[in-house]
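Based on these hints, arrange chain B on the given structure of chain A.
Residue numbers (our numbering), protein chains in the order written: chain A, 888 to 1454; chain B, 1076 to 1612.
Worth flagging that the hints you see were computed from the coordinates, not collected in a lab.
It should be emphasised that the depicted structure is a prediction, and the values quoted were computed from it without experimental measurement.
Ideal Cβ positions, reconstructed from N, Cα and C, are used throughout, including at glycine.
Here are some chain A residues pointing at chain B (derived, C-beta under 8 Å):
1) 1062
2) 1139
3) 1417
4) 1433
5) 1439
6) 1440
7) 1442
8) 1444
9) 1446
10) 1448
Some but not every residue of chain A turned toward chain B, in silico, with C-beta under 8 Å:
11) 1060
12) 1140
13) 1436
14) 1450
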Amino acid sequence: MRELFERNLGALAERAPDTAAIIREIKDLEAAGVTVARSAAGDPIVELGGRALDTRRDPKAAAERAAAAAPAGPLVVAGLGSGYLAEALLASGRAVTAVIEPRAEVLAAAMHARDLTRLLATVPVWCLSSLVDRVALLRLRAAAADMVAHPPAVQGTALAGLVDQWADLPVARRAPRVLVVGPIYGGSLETARATARAVSTTSAETRLFDASVFAAGHHEMGALAVPDTERRRLQGEHAAVLGRAIVEVAREWRADLVLALAQAPLGADDLEALRRLHIASAFWFVENERVLTYWRHLAPHYDWFYGIQPGRFLERLAEAGAARPRYLPMACDPAVHRPVELTAAERATYGCAISFAGAPYLNRRRTLVALADLDFKIWGDGWNEPALAHLVCGEGRRFDVEAMVRIFAGSAINLNLHSANHVTGLDPDPDFVNPRTFEIAACGAFQLVDRRTPLPELFAPDEMVAFGSVAELRAQIAHYLAHPDERAAIAARARARAIADHTYERRARQILRDALPAHLAVAALDGIEFETLPMALERLETTRAMMDEDEALMRIVLEVEKNWGMR
Amino acid sequence: MKRILVLQLCRLGDILQTTPMLRGIRREHPGAHVTLVLHDVFRNVPVPSHLYDRLSIFPYGQVAQTLSTARHDWPLEVSRLREWVRDLGAEPFDLLLNLTHSDLAGFLCAIIPHRRLSGGRIAADRTRIVEGPWFTYFWASQAARSQGCFNLVDVHSYAAGVAPDGQGLEMAVPAASHQRMAEWLSSRGLGERPLIAVQLGASEERKRWPAEQMARAINGIAPTEADVVLVGAKDELQLAARAQAVLTRPVTVAMGETSITELPALLKRAALLVTNDTGTMHVASAMGTRIVDLSTGNVFVHETAPYGEGHFVLEPSMACFPCAAGSTCHHFSCREAFQPADVTALVRHALGRGPLPTPPGATILQGRFVRGGRVQYRPIWPARAGVVERRRQAAALVWAATLPAPEDPTVAADVDPYPDRLAGEETPEVLEACAAFAARARDVQRLASALRAAPPARQARLGAQVEDGLRALQMAAHMEPLVQSIAAYLKVRLDSVAVRDVDRVAAVYARESGAAAERAERLAALLAGDYAMRRAG
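Chain A on its own, in the form it takes in the complex:
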């Protein structure tokens, strides 16, 4: 009996690991009133409070009769009971996309009593309790228009209500529209672009409002020969105009979600305007909350607020009025952040034992001075420290992303030191992980990073090496320079983890899952193939000899679309 259950559980874990986890937790079936009896033919039947969940006469024959009357298209089975109906549907060739059992104990009892391995290995079985997640529920609905109920198993449970509502559950008939908004300038500009690319890998229609095209005007305004206060006011008004433009674009395009990155020129009024238009808004604040504090003013106005700092920041966001504060760490873009083979010339340029690439914040300058005796290269602009002058490469200019991935590839050790301008040593508030961590990892390069509180959740100790002091850093440098194989193994594991768990695509999918209406989230995430108008017409033409009103109307719409551009 136990062996049968374990086999069933193995099959269940393959197709529905979450359900398997619930089943494992069940200790006492009898206490839940669930028992197993035998039919007249000797087949096991699950009973609940003495009530048989399948007929006692011949459950297999009854199930076959019910299956024969089931609709032909994809369907979900409501109520597993002893499992006979689901098995019969499967045997009859029906496309059973899922089984929902309202009581986990009933599923567990059936798994103890019967060999359900074929069913469990073929069809995901859900416990109703898991479907409080509306996206999960609507995924099932999107995959199957029909639901076949096994009444004895459904009766008296919330699943009975779901059976009645099934046909009316919302299913997306179009792709959701997501407008990604970037800043006028600054570090989050690239993050905005990467996020827009990531959103566009889903089935959502994606547009990027690239505010950086207005940067020249913004900077010119900042250079006007007027008092500072007036300049700031004018720049503020310029940003406000962009905010209104974003709302207009979102309204005209009928966006479902406006996803803004840090420093996006959207003010409280703009966000409230989006609310009035029933357009959801989300903000990914990819900044240190202690350095840029304007988030306080915006927190109440975004529907979803994502920060890269877990814990206290999320509490502060809630205190500031954020409806749904969420933690969403930074990420990498594997299409950009990738291993590269260096040419001989590139190796001469970028090859080194240790490198640092980034801006010269105070703590970085002081820390690097303490390493200046090592085989070191520093990349970036603004490095004026006399003690470091001999280490600065690339003529002390900014580097682009293509140069950056080559710096990572050419360095035995990439030093990743989180910035801080108010201290001379390591950042005393290490509550976020910078993008560089993910970027170096995705490039398959080895890095030493200063210790951060959230790091262990993002990378395991054998995927990422962190230091807590300059002394520890020097020791690690010595060790890893002497052990290239260790470096390579750690870097390979870090890259695998970054690509699996820390891509912009993963982050974007998380935001869409949260912030879009659930049925649109399903459409975005599951890549539902929408039927285009020409596809629908082709289908009608091949299946119907004669045109009906629906087809004529569709052809009119197509004619309008074709002719509009030729006016």
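Relative to chain A, chain B alone:
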């Protein structure tokens, strides 16, 4: 006739060209409820409200703009259109007049409930059919343009079963627009001298006489003789710039300054409009302003010239003019057929200040209402009607005699539509080819008639013979242009047979082949000098 729907989804000029037909419907069916459908891009065209009972706006631009931003939303747009059709009412229209020769309108006619249709429709088997004799004629005339002999406005009236009334197009221009234009002209010092309005644009390149040439023609009018104002839309300002580079006299630019109701108010104050074939031309026509229309490219005077009395058309005398339907021109040589000096002279003549010019490479025509009420353009230069004109008049006689063309004989009773001697210039070969076509059509008529009563086994053989005969008729029309429009009418009509029952199909084939034979016989007789036939027509 209780409910009539007029589907007009074309542009400004086409909408105005619908107004005489609407007037005729009002006159002949005073109790009928008339619904006029325009598309939303042209919803502001001021069609006088006394011409219809209900204006329904087809949401063309609205649907298109939604789709341009959200292609996946097409089911919503299908719903929007379904609601629009429902809003027209469930009761079938007694008559649906489809004046729009597009697939879009054809699909609409497939779903708007109606008892009788005049115009194109997409049938349930997804083929195009044309219903009603006059729209069948119109579609056929596109295959034989040079023989076209009826203005589109009159075709509309005939299609609606109403007689042309010898009156022009109509527009409703509010007093405020007249007031504003009076002030506008006054503020620019215009009004003392006659005003010539000039439209430099046209909807496509080949219809546009070059702006520089137009400027040279304008230069020929002394500033003391007349003021000149350039009219048109804002997006035509680049044409004004091209003209300005050549102009040596002052002109006033009104392009983009006038609304859809102010343009007619301005043109009302002009003594003359000089124009390519444009919507502006039809606006001037509706305002009773005399027009000099420069026809080049695919513009065909006998179909679309300004509808009214006294307007002038200057067109090239060239074998390839007008361009065949669907053709592409690469040389635009017809633009050289007349020169700026010719246009200047015609403008001065139209103003009553000079003789009729005599350009060697061009024809000048003038429009008149003729007996029965329709408009006819006849050449006034060269003075003597050539073979093409004789053929056109003969064809008009044939079509008017063989299709139901209501006329009001009291209108323009003294203006004979067929004043020329039609016979005498055709070669015997042409007349023989015409007669042979008629004889072959009679053969097809006999075969199709026999098919109706034949046993099934013989029906198949006769059916094949009918098909062979029809193919031979189309081939003959390729060889002899004179019968092209007759063959084209036969083809459009037979392609539009919606019934599948052999007996009824054979009856239509017999009737239409007989009609084609009769038309060819009449045509041959007229061109051979059979005045009895002419009188019978």
